Amino acid sequence: MAPIHCTAIVTPAPGKEARLREILTDLGNNVEKHEKGVRKYHIFEQYDGQDGNVFVVQELCMFTCLSHYQRARAEWNV
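Its first residue numbered 1, the sequence shown is counted upward by one per residue in the working numbering.
Honestly, I wouldn't trust all of these hints.
As the list claims (entries may be wrong) - Within a straight-line C-alpha distance of at most 16 Å, the following computed EDC-like cross-link-like pairs (lysine to aspartate or glutamate) qualify:
| id | residue 1 | residue 2 |
| --- | --- | --- |
| 1 | Lys40 | Glu59 |
| 2 | Lys36 | Glu59 |
| 3 | Lys16 | Glu59 |
| 4 | Lys16 | Asp51 |
| 5 | Lys33 | Glu17 |
| 6 | Lys16 | Glu45 |
Unchecked claim - Distance ranges between label pairs, derived from CB positions:
| id | residue 1 | residue 2 | range |
| --- | --- | --- | --- |
| 7 | Ile4 | Val54 | 15 to 25 Å |
| 8 | Val10 | Glu35 | 27 to 37 Å |
| 9 | His42 | Ala18 | 30 to 40 Å |
Derived from the structure by calculation, the hints contain no laboratory data. Every value quoted in this text rests on a predicted model; they were computed, and no experiment measured them. Glycine is no exception: its CB is placed at the ideal position from the N, C-alpha and C atoms.
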């Protein structure tokens, strides 16, 4: 199966940059700890003088539908 490349650009509300940075960092730590199918998870913060900061999240996954299904069954006991 081909890898899935995902890029997201997230613009925080004014004054919420620190909170979004905290959330994305926690999310990255969780991905590293629990999602072994994720080959790359990078978070970049880019400063834009006019509009404030933006965050760029890049992810490279090697998931298959079967692995998601098996994990869901194990977690939900179904």
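Quick rundown of the hints versus the structure:
| no. | hint | in the structure |
| --- | --- | --- |
| 1 | Lys40 / Glu59 | 5 Å, holds |
| 2 | Lys36 / Glu59 | 12 Å, holds |
| 3 | Lys16 / Glu59 | 23 Å, violated |
| 4 | Lys16 / Asp51 | 13 Å, holds |
| 5 | Lys33 / Glu17 | 24 Å, violated |
| 6 | Lys16 / Glu45 | 13 Å, holds |
| 7 | Ile4 / Val54: 15 to 25 Å | 22 Å, holds |
| 8 | Val10 / Glu35: 27 to 37 Å | 19 Å, violated |
| 9 | His42 / Ala18: 30 to 40 Å | 19 Å, violated |
Checked against the numbered hints above, the structure violates hints 3, 5, 8 and 9; every other hint is satisfied.
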